[in-house]
Amino acid sequence: RPDLGLTSRAEVVEEARRITAATSLPLLVDVDTGWGNEIADCVRELELAGVAGMHIEDQVEQKRCGHRSGKVLVPVMEMQARLSAALAARQDSSFVIMARTDAAGVEGLAAAIDRSLAYIETGADMIFVEALGSLDEYRQFTEVVQVPVLANLTEFGQTPLFEREQMAQTGISILLYPLSAFRVMSKAVEALYASIRTEGTQRGWLERMQSREELYDLLDYHTAELAQDKQRKKDQHND
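The C-terminal position of the sequence shown is numbered 422 in our numbering, with every residue numbered one higher than the one before it.
If you're looking for bench data, these hints aren't it; they were derived computationally from the structure.
Glycine included, every Cβ here is placed at the ideal spot set by N, Cα and C.
Check each hint, because a few of them may be wrong.
As the list claims (entries may be wrong) - Restraint ranges, calculated between C-beta atoms of paired labels, are given here:
#1 Ala271 with Glu348: 19 to 25 Å
#2 Asp275 with Arg201: 18 to 24 Å
#3 Ser267 with Ala410: 29 to 35 Å
#4 Glu390 with Ala204: 31 to 37 Å
#5 Ala351 with Ser267: 31 to 37 Å
#6 Pro361 with Gly291: 21 to 27 Å
#7 Gln414 with Pro361: 54 to 60 Å
Construct the complete structure from the given sequences, taking the supplied hints into account.
If you want it as structure tokens, here you go:
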């Protein structure tokens, strides 16, 4: 149940551990509003999990999705306190602490810029500006905010689905596609099982499926299988 302030720190950290165990790519973790007094523990646990960075936002704890109406922001000083707690807990200087602001849709673009400057002054490494509606707004934002800025290109939200090159020309440094793969997967699953129900077979879907060998290659399955065989032979020899 994301984007409602109902996901626990333990759940997020555990998922982060699973991801970092599977890939060497840098992982940026969404910690929502930081779980109040748990911010410092969150930072330490994410660092130990091998996470590259996190973003923390300026909504109240009972938050909303950044592309929904009804968002309520905390005062600037409260968000600065969140950032200060995170920065004080950081042990690895390469661990990125990114401040997200939802102010554009609540207080306007100027307020989003002012808040971002305050967060940078507090020590935020990067800024995540949520739900801007035009390329010109992104240009205005990056002209003033002189740190790397992330833009969220989630589908069906307040931000049009601009192309990567368009966003690069506005000065945006990082693009986020948070649910693109999930939405495609969910739609495909619905269609697959509807097809099985009506047709009684999945044969018509085989060309759209990842093959067994493709999956094994992705998981490096054969290496693990060979290691098991080697261990089994060793155990049999010892017996």
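Evaluation of the provided hints:
1. Ala271 with Glu348: 19 to 25 Å: 39 Å, violated
2. Asp275 with Arg201: 18 to 24 Å: 20 Å, holds
3. Ser267 with Ala410: 29 to 35 Å: Given about 47 Å between the Cβ atoms, the range is violated.
4. Glu390 with Ala204: 31 to 37 Å: For Ala204 against Glu390, whose Cβ atoms are near 32 Å apart, the range 31 to 37 Å holds.
5. Ala351 with Ser267: 31 to 37 Å: 32 Å, holds
6. Pro361 with Gly291: 21 to 27 Å: Between Pro361 and Gly291, where Cβ atoms are some 24 Å apart, the hint holds.
7. Gln414 with Pro361: 54 to 60 Å: 40 Å, violated
When the structure is compared with the earlier hints, violations turn up for hints 1, 3, 7 and for no others.
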